[in-house]
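Trainee: If you want the building blocks of each chain, they are given just below.
Protein chains: 2
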Amino acid sequence: MRIAIFGGDGFVGWPTALHLSNAGHDVAIIDNLSRRRIDTELGVQSLTPMDSIQERLRIWKQETDKEVVFELLDIAEEYERLKGWLGVWRPDAVVHLAQQRAAPYSMKSDRHKVYTVNNNVNATHNLLTALVELGSDAHVVHMGTMGVYGYSTIGATIPEGYLGVDVTKDDGEKVEQEILYPANPGSVYHMTKCLDQLIFQYYAKNDELRITDLHQGIVWGTHTAETRVHEQLINRFDYDGDYGTVLNRFLIQAAIGYPLTVHGTGGQTRAFIHIQDSVRCIELALTNPPQRGERTRIYNQMTETHRVRDLAELVARLVGGEIAYLPNPRKEAAENDLKVSNAGLLGLGLDPITLENGLLSELVDVARKYKHRIDSTRIPCTSAWTKEIAKDVKEVIELDQHRRTAG
Amino acid sequence: MRIAIFGGDGFVGWPTALHLSNAGHDVAIIDNLSRRRIDTELGVQSLTPMDSIQERLRIWKQETDKEVVFELLDIAEEYERLKGWLGVWRPDAVVHLAQQRAAPYSMKSDRHKVYTVNNNVNATHNLLTALVELGSDAHVVHMGTMGVYGYSTIGATIPEGYLGVDVTKDDGEKVEQEILYPANPGSVYHMTKCLDQLIFQYYAKNDELRITDLHQGIVWGTHTAETRVHEQLINRFDYDGDYGTVLNRFLIQAAIGYPLTVHGTGGQTRAFIHIQDSVRCIELALTNPPQRGERTRIYNQMTETHRVRDLAELVARLVGGEIAYLPNPRKEAAENDLKVSNAGLLGLGLDPITLENGLLSELVDVARKYKHRIDSTRIPCTSAWTKEIAKDVKEVIELDQHRRTAG
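Those sequence lines, one after another, are chains W and Y. Going by the working numbering, the first sequence runs without a break in its numbering and finishes at 410. Going by the working numbering, the second sequence runs without a break in its numbering and finishes at 410.
Treat the hints as calculated values from the structure; they're not laboratory data. Hints should not be assumed to be uniformly reliable.
Since copy identity is lost for identical chains, a pair holds within one copy or between any two.
Listed next, the in silico DSS-like pairs over lysine-lysine satisfying Cα-Cα at most 30 Å (straight line) [stated by the list, open to error]:
1. K208 - K390
2. K111 - K334
3. K177 - K342
4. K334 - K177
5. K374 - K111
6. K111 - K397
7. K208 - K394
8. K86 - K111
9. K64 - K86
10. K397 - K86
11. K208 - K111
12. K334 - K208
13. K208 - K397
14. K86 - K172
15. K394 - K86
16. K334 - K172
17. K334 - K86
18. K390 - K111
19. K64 - K111
20. K86 - K390
21. K69 - K111
This structure is a prediction, so every number in the text was calculated from the model and none was measured.
Take these sequences, add in the hints, and give me the full structure.
Mentor: In structure tokens:
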């Protein structure tokens, strides 16, 4: 298959590109390298030392004799170039990861909100419009998020994208309807993924585009089989308060003797998936495309759920370290349950990697190996969901940092 | 009240600005004048001769001694200027009409789809983000569309924005939930209004912005009490295949002896509202804002429903003329029923103007007065929903035009 990976320089995109290249597909990476620019903006960097995309691809070719091409292209801003590239390269499938993917970054300031909405919505819409214009039948596999659902509070398992409900007719009779699960995003970033869903619904209906939307949980881990092939193929590993994700952050914090930062009560239940499973799921989605005329196919791409404080305790037991309870910069329920169906990908053959597989200690090893590259002042989560919350968070974090410096 | 009207140079915006100014409010118009630029692009113009916005406002001042200020500003593209303007002018309410509003224009080509999504989404999101950033409590009244609902096929009246459904819990018990009515847009334009709904939902929840969304039907008519005050205050009147709306087009066609163009079977049932009621509804929404923390308040802004072919027959009886059945450039059901609740605005005191009130013949008089300005080659609807439909439509229209020229 000819597979174009939009956002193929990112945390999920890079191992996905290698995985699919290794599986024998003809792979192209399209990326505007925005994630590297954001590292520069924030003054942070991946814990793991990352080479340029061109150097990474040179090493991949050297190690495997497989060629992956790279095109520097901003799909949100350069519609005509995007269309031109698609018309020439003619992919059979597009893996669409070319979006700003951090909720905290999307909430940093009004500028970051405006950027996230403009970038994410136009990226998705430009891609679909270009495919229609070119008469392309390429299957689009998009990375969505579990965060589109919000949290069910009524004791019903979250289904895969579509919810069966009873609607009452004017004559009082109830009829069953299947609807897109009502969106309840928790941040501007999550909101953009809800907007994506409606754009997919429209293009699947009007133009019969074939689309799969993967509602992913929180990814943990950093290595995959292919990134282990050579040190220069290493994946990125974010630990900062904006892009670092909760389990990876706990492991890094434990590795360097920093307190495990739980925001709020830690009663939030979240869905998780290992990076190796994430790339496997994308492959499973690619090899099982919907038919033309079918509605968007939606899978919940997650393998287990955990309460945040349970994870903190698990890591503290495994690696050591104290747990610090800090104010929550997010506006969200203090505690929530979460039951999720992931029957779709399991049915396609996913064999989940769970927390117990020794991968946690591998991550601690990575963290220890590169701990000299960690700037611990960048660990706190400071991007707040509202201005009122921002005030509280700032005070406590300043106090905490002061205590740490003084002590 | 200090009221900013975003898109105040447009078909609904202009009479709204005059109506609110006349009612004693302090009114500012923000507009990028994109509608005039699109006229230039399409090579069409309003049937009625429109002066520049500055000249219109000079006449309004001269006739009423009321000042309406105008700021040339693109709210989708100039976020920082938007925020600066809002910070200085500090409106109590914003009427948000600053979006590309024609479904056919949004479907003209890939460029038009990209423009419509980029413009409409960023316009809405920039406005809300700026209000949050400024700590403004301004009430936002947005012009949405009945088209967000699609058409109910199950015999249930379309409610005002929110639908009560029964959801089945894991233990089998059913619980009632009220959800945003599932979106089912029929064009890229309509899709953007569905995206707006999710953006409103998010900002009402996270930032407690006060938002009213008016799901408007098809507007007919051109004059309001205030645009009648002076000939140079006349409202625009679109008759072309992209921006002209169905009832106004029938009246113009009848007035100039052009066949009344019904696309498809004419079995489509649509919701309608007169322009005078449209501006009254906006005023009613402004004077009845939601509380902080309340979900988006949604009203169906329409007063009656009609089947398209019934309207064509009504106009043919009233003014004369034959009906021409042409292929439908839209991808939609050939026939549909439509039952809509509009209890909200009726409850606030709306006294609907109906088709029977002599306003139809007033419109015919307007059309006859300016018939020398009509380019009849611009009447056909040629923007098609898919490339396959486009081929059919083009053939028939070329044949039809040929017959008309030859005959």
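Trainee: Give the relationship of K64 and K86 under a CA distance limit of 30 Å: within one copy only, between copies only, both, or neither.
Mentor: For K64 and K86, the Cα distance is within 30 Å only inside one copy (27 Å; across copies 49 Å).
Trainee: Within, between, both or neither: how does the pair K374, K111 come out at a Cα-Cα threshold of 30 Å?
Mentor: within (26 Å within a copy, 55 Å between copies)
Trainee: Could you figure out if K69 and K111 sit no more than 30 Å apart (CA to CA) within one copy, between two copies, both or neither?
Mentor: neither (40 Å within a copy, 42 Å between copies)
Trainee: My question is about K86 and K172: at a cut-off of 30 Å on alpha-carbon distance, are they close within one copy, between copies, both, or neither?
Mentor: neither (45 Å within a copy, 45 Å between copies)
Trainee: When Cα atoms must be at most 30 Å apart, do K334 and K208 count as within-copy, between-copy, both, or neither?
Mentor: For K334 and K208, only the inter-copy Cα distance (10 Å) is at most 30 Å; the intra-copy one is 35 Å.
Trainee: When no copy is specified for K334 and K172, does a C-alpha distance of 30 Å or less occur within a copy, between copies, both, or neither?
Mentor: Answer is between; shortest inter-copy Cα gap is 26 Å, intra-copy 37 Å.
Trainee: With identical chains treated as interchangeable, where does the CA-CA distance between K397 and K86 reach 30 Å or less: within a copy, between copies, both, or neither?
Mentor: between (45 Å within a copy, 25 Å between copies)
Trainee: At 30 Å max between alpha carbons, let me know whether K208 reaches K394 within a copy, between copies, both or neither.
Mentor: between (45 Å within a copy, 19 Å between copies)
Trainee: How do K334 and K177 come out at 30 Å by Cα distance, when the copy is not named: within, between, both, or neither?
Mentor: between (36 Å within a copy, 29 Å between copies)
Trainee: At most 30 Å between C-alpha atoms: does K86 with K390 qualify within a copy, between copies, both, or neither?
Mentor: So K86 and K390 pass the 30 Å test across copies only (17 Å; inside, 40 Å).
Trainee: At most 30 Å between C-alpha atoms: does K390 with K111 qualify within a copy, between copies, both, or neither?
Mentor: Close inside one copy (10 Å), not across copies (42 Å); limit 30 Å.
Trainee: For K177 and K342, with the copy left unspecified, which applies at a CA distance of at most 30 Å: within, between, both, or neither?
Mentor: both (27 Å within a copy, 17 Å between copies)
Hints 14, 19, 21 from the list above are not met by this structure, while the remaining hints are.
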